[in-house]
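Here's the letter readout for the chains.
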Amino acid sequence: MNELQQELFEKQVLSISMGLEYPRTPDIAGSVMTRLRPSTRTRFISRPFGGAQGRRLAWSLTIILVLFSSLMLIPSARAAIIEFIQIGVVRIFGPEPTPVAPPNQEAPSTLTPVTATPGPTLPSLIPLLEDLAGEMNLEEAQQTVNYPILLPSYPSDLGQPDHIFVQEAEGKMAILVWLDAQEPERVMMSLHFIPEGSWAIDKMNPTLVQETSVNGQPAIWTVGPYPVRLHNGDIDFTRLIDGHVLIWAEGTVTYRLETDLSLEEAIRIAESLEPIR
Amino acid sequence: MDEPTLIRHATNGDATAWEPLVLAHQEAVFRLSYLLLGDPDDAEDVAQETFLRAWNHLKRFDPARPLRPWLLSIASNLASNRRRSAGRYLAALTRAFRNEPLSSASVEEKSSQHMQASDLWKAVQSLNVPDQQVVYLRYFLDLSVAETAEVLQVAEGTVKSRLSRALERLRGIIQQDFPVFGDRREEHEGRDA
Numbered sequence: 666m667n668e669l670q671q672e673l674f675e676k677q678v679l680s681i682s683m684g685l686e687y688p689r690t691p692d693i694a695g696s697v698m699t700r701l702r703p704s705t706r707t708r709f710i711s712r713p714f715g716g717a718q719g720r721r722l723a724w725s726l727t728i729i730l731v732l733f734s735s736l737m738l739i740p741s742a743r744a745a746i747i748e749f750i751q752i753g754v755v756r757i758f759g760p761e762p763t764p765v766a767p768p769n770q771e772a773p774s775t776l777t778p779v780t781a782t783p784g785p786t787l788p789s790l791i792p793l794l795e796d797l798a799g800e801m802n803l804e805e806a807q808q809t810v811n812y813p814i815l816l817p818s819y820p821s822d823l824g825q826p827d828h829i830f831v832q833e834a835e836g837k838m839a840i841l842v843w844l845d846a847q848e849p850e851r852v853m854m855s856l857h858f859i860p861e862g863s864w865a866i867d868k869m870n871p872t873l874v875q876e877t878s879v880n881g882q883p884a885i886w887t888v889g890p891y892p893v894r895l896h897n898g899d900i901d902f903t904r905l906i907d908g909h910v911l912i913w914a915e916g917t918v919t920y921r922l923e924t925d926l927s928l929e930e931a932i933r934i935a936e937s938l939e940p941i942r
Numbered sequence: 079m080d081e082p083t084l085i086r087h088a089t090n091g092d093a094t095a096w097e098p099l100v101l102a103h104q105e106a107v108f109r110l111s112y113l114l115l116g117d118p119d120d121a122e123d124v125a126q127e128t129f130l131r132a133w134n135h136l137k138r139f140d141p142a143r144p145l146r147p148w149l150l151s152i153a154s155n156l157a158s159n160r161r162r163s164a165g166r167y168l169a170a171l172t173r174a175f176r177n178e179p180l181s182s183a184s185v186e187e188k189s190s191q192h193m194q195a196s197d198l199w200k201a202v203q204s205l206n207v208p209d210q211q212v213v214y215l216r217y218f219l220d221l222s223v224a225e226t227a228e229v230l231q232v233a234e235g236t237v238k239s240r241l242s243r244a245l246e247r248l249r250g251i252i253q254q255d256f257p258v259f260g261d262r263r264e265e266h267e268g269r270d271a
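Which chain is which? The protein sequence lines are V and E, in order. Going by the working numbering, the first sequence opens with residue 666, and the numbers climb by one from there. Going by the working numbering, the second sequence opens with residue 79, and the numbers climb by one from there.
Derived from the structure by calculation, the hints contain no laboratory data. Hints may contain errors.
[As the list claims (entries may be wrong)] Chain V stretches covered by chain E per the calculated footprint, using a threshold of three residues with CB under 8 Å from any CB of chain E:
| # | stretch |
| --- | --- |
| 1 | 673-681 |
| 2 | 927-939 |
[Stated by the list, open to error] Distance condition first, Cα-Cα at most 30 Å in a straight line; then the derived DSS-like pairs of lysine-lysine:
| # | chain 1 | residue 1 | chain 2 | residue 2 |
| --- | --- | --- | --- | --- |
| 3 | E | LYS238 | E | LYS200 |
| 4 | E | LYS137 | V | LYS676 |
| 5 | V | LYS676 | E | LYS238 |
[Unchecked claim] Using C-beta positions, here's what the derived DEER-type ranges look like:
| # | chain 1 | residue 1 | chain 2 | residue 2 | range |
| --- | --- | --- | --- | --- | --- |
| 6 | E | ARG143 | V | ARG851 | 26 to 34 Å |
| 7 | V | GLY695 | E | PRO82 | 19 to 27 Å |
| 8 | E | HIS135 | V | ASP827 | 33 to 41 Å |
| 9 | V | GLU848 | E | ARG143 | 44 to 52 Å |
| 10 | E | GLU81 | V | ASN811 | 50 to 58 Å |
| 11 | E | GLU81 | V | ILE941 | 56 to 64 Å |
Beta carbons are placed, not taken as given, at the ideal position from N, Cα and C, and that holds for glycine.
For reference, chain E alone in the conformation it holds in the complex (with noise of 0.2 Å):
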């Protein structure tokens, strides 16, 4: 069956069809959750409840509609929601809280790649929260414009500037707080050439 003949069908209340749509989408979910909240288990706790949510509400959307667009949009608002809470409040507010430090020897396992991914992914967090959205949306999820502009719900000259303007804070940010990661981009950028 389709995507679009599934939700006909889970509209109805028929939850084995909900079943494949969320195994083909939950991937994409979870990884935009974990993008904007950082920690596995908030992002599972928001996967879920984005599925859940989605299934309480599936008589407002259109089937003829693609659903990932939909869900991401939900994950985005529970995961913009969980970021104000009072537990994650009291955490951001120690001036200066990290994540456990990796050991040394799984530093060395990391790839270069993943090095630079991750440490882009830092400086991406220096940014705010909609130019975050709108960076975790466009390249690390890979979505289209299209796509992301249904998403967040603007049009795709918005996304197009904002995507402008988030670039041009990422790239200073980078510059003044990831000068190793800068590094590596111009090692990047002289092989590329």
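Next up, chain V with everything else stripped away, as it sits in the complex (with noise of 0.2 Å):
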């Protein structure tokens, strides 16, 4: 780019940037000078999320309760609302699961990629990952979590996982990340370790959810897109999820496998996870 190209370019830059809509801006200045009252102070420090975020949370009760009240006056939605799938801390509500044989031992040995279900386009993970907290190597996440860190042996050629995080969520819970060979910018696979007692994750409508097993152990497979609530006392957040995840839970420990691959090829990385050698 030339200094005159740069230029037009610099100009649109500011001029489109202009043309943002941004939320309205709330009233800052009267919840600051509320928290600034002597008499109020010793409340608010006393708790560890107030403002916007205990205001999320009080709607975010509200319109579950209201919710939850409506779809009860309906006998058929009734039965539904209670019924839920429960492994480890992950709950999943929606669609009756659809059992699913577990894979047979012929599945090819090497990683294919669903191509039916495509994920839509995103912006590359890699910057938001690179600015995360608590990346290590695996020797020094299995000294801080108090639960075994296991690897898939399956497929010989995974090798070690790229980046391995550990963070405080009410738990340890340990993170590793694959990156794609092929496209180092693109997330391959990724399995999260969630000890007993920390985040509860609830899964709304799956696009697809099927029992399998993991080892003999109860196991989920969820296809998104649906939305994902993750809470843990005041902290409270939805998302929308698109992906394919395996769930299954071992002793005290939820694990969750997020990956592009198909149902199959999950349970047999699941499968083959062995302790750090």
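Hints given; two lone chains; assemble the complex.
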């Protein structure tokens, strides 16, 4: 880009950015002044989450209560809303699960991405990964958490994860991330270890829910898009997820394997987990 | 009362002098937080925290200096910390997350100008955080190079070189991932020519 082109592009960026619509600025001055008043200061300091987060939680609860109450008036909904599948800390509300036989052992030995349900085109997550806290090596991660970190031995050429994080989420959650060797800007697979008492995760109406098993333990395979609600105490937020996720639990740890691969491949990977050598 | 006088009063513990200063700068602080976080509730939390922290550290601030760059600098740091928090972290690692899609009606309601700006914002979000910061401050918030330098606590020359590199990367992202935006931009160029 020569100087003239850059100058023109800069002018356009400036002009176009002025057209961005922002949410209405809330009454920040009012909230700040309330929090500065001596009579209320102690109360606010003692609360871990005040302001918008508290209000958001209140709204979430209100919406959930209203939705729940309305649905309970409909007999068919009454049965459905009460039923959910729980695997470890993950609860799945939604369609009746379809039983699926465990995969046969003749599955292809190479990783073949699922192409029938391609995800949306999205910006790379690599900048986000690079910006995230808690990255460490495997040895440090194993010393930080009080459960064994397991690595897939299948496929044999998978190798060690490219990123390893340990995050405090009311329990130390370990996350291993493998990047796609062909497209290193893309995450191929991530494996979450979520200890007991950690964040609760609710999935609402996934496109597809299948019952299956991992090492003889009940497991669930979900296909998005669907909203996921993460909550723990006062923290509560919802995001739309569009991915294939295998969830199972063993002992006090819930495992969450997210990948573009098929269910059969995901189960083979899950069943190949073994402690770090 | 002018800004330096209000700041001096506030520094001496007069909260009533702080209120007009918050009112004067709350929009810029909220908007920068929103640009960096993409969520209005998160942005509101960060904006509130910015003014509370600034109030608690006013004694360290030179009242002769403009207040806005200092506030934006605090907001930028707080927003960066929040991006690294556990909750956002889990969401980020889910390889394909996105905001709720807009309904077709709301898409239609958006003017072409707003769509362009929205596309531009999405493209900027693909940049690394330091590049995002400099682009948001200089273009989206329309700060001068000098003000941007003060917020980022770097020399003006550094701002210019960062902007140049960020624009280069942004142009590449737009060409690769936002062809529709590129087409609209070319139309715009054609009209301007």
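Hint check, failures only: Hint check: 2, 4, 6 fail, others pass.
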